[in-house]
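Asks: Take a look at the letters that make up each chain.
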Amino acid sequence: MLTIDTGAYCFRLESDLEHVKKMVTMMYGHQEDHNQIKPADYKIRIKFDSFFRRFIKPQISFYSDCHLPFKPMPANQAFPVLEWGMNWCISAYDFNHLIIHAAVIEKDGQAIIFPATPGSGKSTLSAFMALSGWNLFSDEMAIIDLNSNRVSPLYRPVCLKNESITLVKEWFPNAIFTPVAKDTHKGDVAHLKTQDFSCFNQLNKAEIKAIVFPKYARDQDITIYQLNKSQGFSQLVQNAFNYNILGATAFDTVKKIIESSNQFEIIYNNLDDVSDLLINDILAI
Amino acid sequence: MISNTLSYIISIFKGNLKTDLSINEWERIIFILRECDTLPMAYESSKISGTLNNYPEYAIKHMHAAQIYSKRQAQQVRYECTEIAKTLEETGIQPVFLKGAGYTLRNSRNSLGRIYTDIDVLVPKHQLNAAEKALNRHSWSTKRLNNYDERYYRQWSHEIPPMFQIHRGTVLDLHHNIVPPMGRKAKDISSLLSQTVLTTGGFKVLSPEATVLHSSAHLFTNEDFSHGFRDLIDLYVLISDFESDTFWEKLLLLAYKTELTLELYYALTCCKFYWELNIPDDINTDLRTKHKNILTAFNICIFKLGLQPHHPLIQEKKHSLACLLIFIRGHWKKMPKHLLLFHIISKAWTMFINQIFGKHHFDPPKPDLHR
Chain X
0 MLTIDTGAYC FRLESDLEHV KKMVTMMYGH QEDHNQIKPA DYKIRIKFDS
50 FFRRFIKPQI SFYSDCHLPF KPMPANQAFP VLEWGMNWCI SAYDFNHLII
100 HAAVIEKDGQ AIIFPATPGS GKSTLSAFMA LSGWNLFSDE MAIIDLNSNR
150 VSPLYRPVCL KNESITLVKE WFPNAIFTPV AKDTHKGDVA HLKTQDFSCF
200 NQLNKAEIKA IVFPKYARDQ DITIYQLNKS QGFSQLVQNA FNYNILGATA
250 FDTVKKIIES SNQFEIIYNN LDDVSDLLIN DILAI
Chain H
0 MISNTLSYII SIFKGNLKTD LSINEWERII FILRECDTLP MAYESSKISG
50 TLNNYPEYAI KHMHAAQIYS KRQAQQVRYE CTEIAKTLEE TGIQPVFLKG
100 AGYTLRNSRN SLGRIYTDID VLVPKHQLNA AEKALNRHSW STKRLNNYDE
150 RYYRQWSHEI PPMFQIHRGT VLDLHHNIVP PMGRKAKDIS SLLSQTVLTT
200 GGFKVLSPEA TVLHSSAHLF TNEDFSHGFR DLIDLYVLIS DFESDTFWEK
250 LLLLAYKTEL TLELYYALTC CKFYWELNIP DDINTDLRTK HKNILTAFNI
300 CIFKLGLQPH HPLIQEKKHS LACLLIFIRG HWKKMPKHLL LFHIISKAWT
350 MFINQIFGKH HFDPPKPDLH R
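Those sequence lines, one after another, are chains X and H.
Residues in the first sequence are numbered from 0 upward in steps of one, following numbering that gives the first Met the number 0.
Residues in the second sequence are numbered from 0 upward in steps of one, following numbering that gives the first Met the number 0.
No wet-lab data here; the hints were simulated from the structure.
The beta-carbon is built from N, C-alpha and C at its ideal position, and this holds for glycine as well.
Hints may contain errors.
[What the hints assert, rightly or not] Ranges of calculated distance between the beta carbons of each label pair, as one might list FRET restraints:
# : chain 1 : residue 1 : chain 2 : residue 2 : range
1 : X       : Ile221    : H       : Thr18     : 42 to 48 Å
2 : H       : Thr18     : X       : Asn268    : 58 to 64 Å
3 : X       : Leu282    : H       : Arg167    : 38 to 44 Å
[Stated by the list, open to error] With a Cα cut of at most 20 Å, we get these calculated PhoX-like pairs of lysine-lysine:
# : chain 1 : residue 1 : chain 2 : residue 2
4 : X       : Lys20     : X       : Lys204
5 : H       : Lys13     : H       : Lys203
6 : H       : Lys60     : X       : Lys37
7 : X       : Lys181    : X       : Lys192
8 : X       : Lys204    : H       : Lys60
9 : H       : Lys13     : H       : Lys124
Could you build all of it, start to finish, from the sequences and the hints given here?
Replies: Following this line, the structure appears as structure tokens:
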């Protein structure tokens, strides 16, 4: 049994696949020692689908304790399936937080949220920022305390897809990547470790300073627009996983975030420019 | 027979849990409660009994999250029932809301924190077609099944294939009887259907006695006990709440009238075993005299095992065997034997194929891992 401590959520993993255990150790490190006493929030399993499918076109299933949220997948996708399964557990069971489909980065106790609008390149952006002096809270979900504007850090690898894998490898040749899982439903996928657990442990919940909607445009220099509050509100709601379950509490929380933060759209073709802009023009406001 | 962890879980619902449990014990409790859909019910009953605040933060956190989800479901159930009642009443049909939806509409204590998979609605058999058509007109569609399952429902079952609301995804089971019409009990049970009351919101639900008998009949004629633990909590809480001088008397009378005394005997015996439910002596004696014998004693033994939460942290080999026996018994009681044989062959073939090729082998390829 392996323990995966992601900070806000602790998972207990059971798997008969050696390569899954190897990748978990690679991405999360050896965590057994320091969290023996910490109770797990979710029990998860990655198992071969049937005796025959261990040998013929190997196929695995992700289990959240006893039940199967997804259909079985080819065995070479086991680690990405595990990561997506963990995301599933969080969004299926945690209704104590507002959860937004977004990347979150932080500096000096101030967080910036990048909602997952299509074409935003949020994973590439997360990987770049995490390895260029920002603290990465998540490349996938913003975990926000209800009736507050505080977001929690999560200890997870970044999920990179297709061309961005090559791109990030070029930028950071020494970074730790899992092998590429080919032909998943999101294309080719690799995971990237961006920080050590000891560094992660220093991070605290942070105030949300801004919501930024990034857009990549090859031929356009960096441009920034301020959005009005109602645009920001509706964009944030559209990306919330559990807005409809939380109802009025979610409305109040989003309202609080929008009122206490600024919302921008950024068009960019270079991530260094984005980092400078965030530091000089957004965090400094 | 009852493990430590299970005895703690039972105490949660009885409101007398001693609170010096280790955090690992709490982890087991939370996992088991979550898998058998009773985590929010545990929150609500702990809140009512005042024990919640003594639990560790870990347990409260998970129970609370689950409770938010169940509250949202209850709100949705009320909305859907209003819509369904409106739709059917336009065609002159007044539906009776059964099981979970019925509990929520009558606001009984067991509805607090209850999780639903579907809404169960009963209409008279001669109005079944009209009801289905009326619902179709209001965006309720029927799930596509394979030919065998479709025929099973239409010819042999007490309900039509599940319907779903195409915009909201809610699932509706439209019944014309309480148990399958092929079984021996079908006629006797029909008289339960006339035992209805109106809730304060104007919805038709079964009377308290009929509710208890229906829940008992449903549980102890079922071949699938995967929600058995939750269903037994329902029975225990319903009986504890309905209890009065006249309730027991009326309950026994209706059980005789509908020939459900055996199911009531099973229900009361299991409630007494797990929850130490107080049953008046005369009722107890009456049912025991009528039904206590070797066969029922054996059945009670497998029911007690099958009713435990279905989770590897609790279940041993004997539980799986009990569930298998319950599965066989349920089908044996439900269907005429030639149909049963056909049914078993058909289902066994599907299981065999799944074993070889893995589940979902013939499903269209559509990985839907993440939104």
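Asks: Run every hint past the structure and note whether it holds.
Replies: Okay, the hints, checked on the actual structure:
no.	hint	verdict
1	X/Ile221 with H/Thr18: 42 to 48 Å	violated, 57 Å
2	H/Thr18 with X/Asn268: 58 to 64 Å	holds, 59 Å
3	X/Leu282 with H/Arg167: 38 to 44 Å	holds, 42 Å
4	X/Lys20 with X/Lys204	violated, 29 Å
5	H/Lys13 with H/Lys203	violated, 30 Å
6	H/Lys60 with X/Lys37	holds, 14 Å
7	X/Lys181 with X/Lys192	holds, 19 Å
8	X/Lys204 with H/Lys60	holds, 18 Å
9	H/Lys13 with H/Lys124	violated, 40 Å
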